[in-house]
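S.K.: Sequence:
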Amino acid sequence: MLSDPWLQRWLPLAVTHAGDGPVLEIGCGHGDDTAVLAGAGLKVTAFDLSRAAVAVAKARVPSGRIECGDIREPFPVAPGQAGLVVASLSLHYFGWEETVAIVDRVRQVLRPGGLLLCRLNSTEDHHFGASGHPEIEPNLFMVDGDPKRFFDEADVNRLFASGWRRLSLEHFVTRKYLRSKALWEVVLARDA
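Counting from 1 along the sequence shown, just add 9 to a position and that's the residue number in the numbering used here.
Hints in this document: simulated from the structure, not taken from any laboratory. In this text, a Cβ means the ideal position worked out from N, Cα and C, and glycines have one as well. Be aware that one or more of the hints could be misleading.
To be verified - Result set (DSS-like, lysine-lysine): computed pairs, CA atoms no more than 25 Å apart in a straight line: (1) 157 - 185; (2) 67 - 185; (3) 67 - 52.
What the hints assert, rightly or not - Here are the simulated distance ranges between beta carbons: (4) 143 - 28: 23 to 31 Å; (5) 147 - 17: 31 to 39 Å; (6) 58 - 109: 16 to 24 Å; (7) 135 - 178: 19 to 27 Å; (8) 175 - 21: 24 to 32 Å; (9) 65 - 89: 27 to 35 Å; (10) 175 - 135: 37 to 45 Å; (11) 170 - 144: 17 to 25 Å; (12) 121 - 189: 33 to 41 Å; (13) 30 - 143: 37 to 45 Å; (14) 174 - 28: 26 to 34 Å; (15) 144 - 30: 38 to 46 Å.
All chains should be modelled from the sequences, with the hints used to inform the complete structure.
M.R.: Below, the structure is given as C-alpha cells:
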C-alpha cells in the first residue's frame, strides 16, 4: 500500500471541529488515518471488522481506543458526542437502504455542527469492482464474494440530502492501492 495523505489538508478543520471531544473513525484498517488523527493530538476512537487490522492499528497508535466492531452495531461513541467522524472507504458494503440508515447513525453520533470526512467508491473505480461483476442492485456489485457499492455524484447528493451541510465534494483518483482508485471525497457538517 502506498502513502495516501488525504487527511493532511483537512487537519486544521478536523482539529477545530473535534475540540477536546472524541473522534470516531469507522473502518480504521491498519491505522493509517488513525495515526494521522492521533498525531494531531485528537482523541481517536476507532474500529474495524478485521481483528488482524485492529491488532496492527493498536500497535501503531497506542494512544487510540481501537477495537474490533461491525458498523451495523452500536458505535463506541455515544450519540451527540463526536465533533468529528472519519469514514474513509468504509461505507460501501451494503444495500442502499442500509447505507442510508448507517449514514443517519453517523449523523446522530455527531454533535450539531460536527464534521464528517468521508471517502466513497466512485462508479468510475473499474480496477476495484465498478464493472465486470454481478449487479445486486443499482451500483451494488458482488465483487469476489462480497457486496461492494459504488457511488456516482447523484448518489452522493442523495445520500447526504437531509441533515447535512456540504462543505466539499470532489472526485479524485488515488494510487492508494498501487493501481489507480477512483473515489469521492466528501466533507459535511451536521445540521442542528
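S.K.: Decide, hint by hint, whether the structure agrees.
M.R.: Hints versus structure:
In summary, the hint linking residue 157 to residue 185 is supported, as the alpha carbons are separated by about 18 Å, within the 25 Å threshold. A C-alpha spacing of about 21 Å is found between residue 67 and residue 185, which places the hinted pair at or below 25 Å, so the restraint holds. Straight-line distance between C-alpha atoms of residue 67 and residue 52 comes to about 14 Å, which keeps the hinted pair within the 25 Å bound. Separation of residue 143 from residue 28 is about 45 Å and departs from the stated range, judged on CB atoms against 23 to 31 Å.
At about 34 Å, the beta-carbon gap between residue 147 and residue 17 stays in the expected band of 31 to 39 Å. Range check, residue 58 to residue 109: Cβ separation about 20 Å, and the 16 to 24 Å hint holds. A beta carbon spacing of about 21 Å between residue 135 and residue 178 agrees with the range 19 to 27 Å that was offered as a hint. As the Cβ distance of residue 175 to residue 21 is approximately 19 Å, the hint placing it in 24 to 32 Å is violated.
In this structure, residue 65 and residue 89 meet the distance hint of 27 to 35 Å, their C-beta atoms being roughly 31 Å apart. At roughly 26 Å, the beta-carbon separation of residue 175 and residue 135 lies outside the given 37 to 45 Å, and the hint is violated. A beta carbon spacing of about 24 Å between residue 170 and residue 144 agrees with the range 17 to 25 Å that was offered as a hint. At roughly 38 Å, the beta carbons of residue 121 and residue 189 sit within the given window of 33 to 41 Å.
Take residue 30 and residue 143: their Cβ atoms lie about 43 Å apart, and the range 37 to 45 Å holds. At roughly 18 Å, the beta-carbon separation of residue 174 and residue 28 lies outside the given 26 to 34 Å, and the hint is violated. Evaluation of the 38 to 46 Å hint for residue 144 and residue 30 yields a pass: the beta carbon distance comes to about 40 Å.
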